[in-house]
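S.K.: The lines below spell out each chain.
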Amino acid sequence: MTAVQLRARHVTRRFGTFTAVHDVSMAVQPGEVVGLLGANGAGKTTLIRMLLGLLPVTSGSVELLDGPPDRQRRRRLGYVPQGLGLYGDLTVRENLSFSAQAYGVAEPMLPPALAARAGALVRELPLGAQRQVAFLAALAHSPEVLVLDEPTSGVDVLASASLWDTIRAQADHGAGVLVTTHYMQEAQQCDRLLLMSNGQLVAEGSEADIIGSTTAVAVHASDWAQAFAALDAAGAAVMLAGRAIRVANACPAELQQVLNAAGIQASLEAVPATIEERMLVLARAMDTS
Amino acid sequence: MMFAVRSATVRFGQTLALDNVTVEVPGGSVIAVVGGDGAGKSTLLRALAGEVRLDSGTIEAPSKQRLGYLPASAGSWAALTVTQNIDFVAGIYGLAGDELTARRAELLSRASLTSAAGRLAAQLSGGMRRKLGFVMAVVHRPALLILDEPSTGIDPVSRIDLWRLVSEAAASGAAILMSTTYLDEAERAARLVVLDSGKILVQGSYDQVRAGFTGVVAQTSEPVRSEWAWRRGRVQHEYWPGGDPPAGATVVVPDLEDIVTALALAQRNAVLS
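Line by line, the protein sequences are chains A and B. Here the first sequence is numbered in the numbering used here, starting from 12 and rising by one per residue. Here the second sequence is numbered in the numbering used here, starting from 83 and rising by one per residue.
This is chain A alone, in the form it adopts within the complex:
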């Protein structure tokens, strides 16, 4: 068993004058599921591509399974990119057979739900089923490291629960797992979290560590759309949670004034902030800087 599955030391990547990743250090240990959070464009995918040796670093160093991320070590890795990396014009069975042969292992067994579709073209399957196929292909060679880019985006509740059962089982068998996501529900499944913004690692640890000092106020109005429009127009950092409107780092008295001025009846309540609100606060700080 290796000591560290994935590691970055002071890694920076520039594209021309644009710095996509700036001085990031992180590691994934065997048996842990680490969530890499950040908005679209925060640098998550660039960092992953460097960790896997698919993109050279500008400075700093990366390690995969205690060494450089070369072809030999990448054989011990399972990677499911956002685009899934499947062949749409091949059947489920042909895709799995192809990847099993590339790794020199036996073809994986199909779960009952997929067995009935073994002969179907991958591009004709719903997204959830395609993700299941990509998982099977990535897991067939018992990888020691698993890297998953937004594993359950667009997948329904039941299918996403079963994908997470699979991810957990891999970690329980000692694999180190790195999951990129911007959904709170996925983040809550992880053992440890890293938050990137604007190419930098800005927080790490538990959900509470990520949220930091961010605060939130929930606004309950009979017509959520009206209250949302009024607070949004006033420049508040608004979020939506069901029919409640949430405002990050806001002063309740000021919100009340805005609502009163618009003639909207609403009740306000201080609530624990969420990871999404921390992300919103970071994005707004970037816009104004």
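Hints are computed from structural coordinates only; laboratory data are not their basis. No experiment lies behind these values; they were computed from the predicted model shown. Nothing false has been slipped in among the hints.
Listed next, with one range per pair, are the computed distances between beta-carbon atoms:
| # | chain 1 | residue 1 | chain 2 | residue 2 | range |
| --- | --- | --- | --- | --- | --- |
| 1 | B | Gln301 | A | Ser278 | 23 to 33 Å |
| 2 | A | His21 | B | Leu98 | 49 to 59 Å |
| 3 | A | Ala281 | B | Leu98 | 48 to 58 Å |
For every residue, glycine included, the Cβ atom is placed at its ideal position computed from N, Cα and C.
For chain A, the structure is supplied; the task is to place chain B on it using the hints.
M.R.: Same frame as chain A, now just chain B:
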């Protein structure tokens, strides 16, 4: 103004994609369609958009000139800039000159895309590309707006931009039918339609759907009947349709995700038994 799909049935070969489905979409409101993979969400949307022929049933939709449709796929041309994409679609609808300039500027600003106006669509992040698709679907102020999973794969910050655009379109009178896999979004809709295997399991306002839900959802680390349980974060939830969980079970107040999952399991387990 009211648009609708009535008693619609659609077959693809042996598969019954829609089974006698009726959904009404009144002007000024958002109707959300939820359901698992293969439930028939996209087929329902495409039927209303006139992209799928019905085997039986009727469609009440405006002419193509007054309809906006964002498909589940990209919805924009990768090799054109943001501005070129918008202008091309606007041109099809006869929007030009000062009117187009003003409408484009307004939409780009509301979508937080102003600074990306000159960028190729291929160089946009997933969230920006989805917002561009929305802007293109709504540029001609359609009376009916059909959105196939507009928020899938989009970060929380861009999702707020999208909801700003959706609620503004509804406030200005458009009838909106949208599908989503995020159930907290569906709570915001005036009505929601829960589909499974081409059939409507339940339809109504969020409060009506909650009030009509029977049985009990319990939280557990070890489900008693695995075919009635699903993972919620670190724990599992288990549905007891008869409202009779074992003594000592931790009963939870079901949210929309619990309700939709429980209904889908009830449907599946009934088919199997």
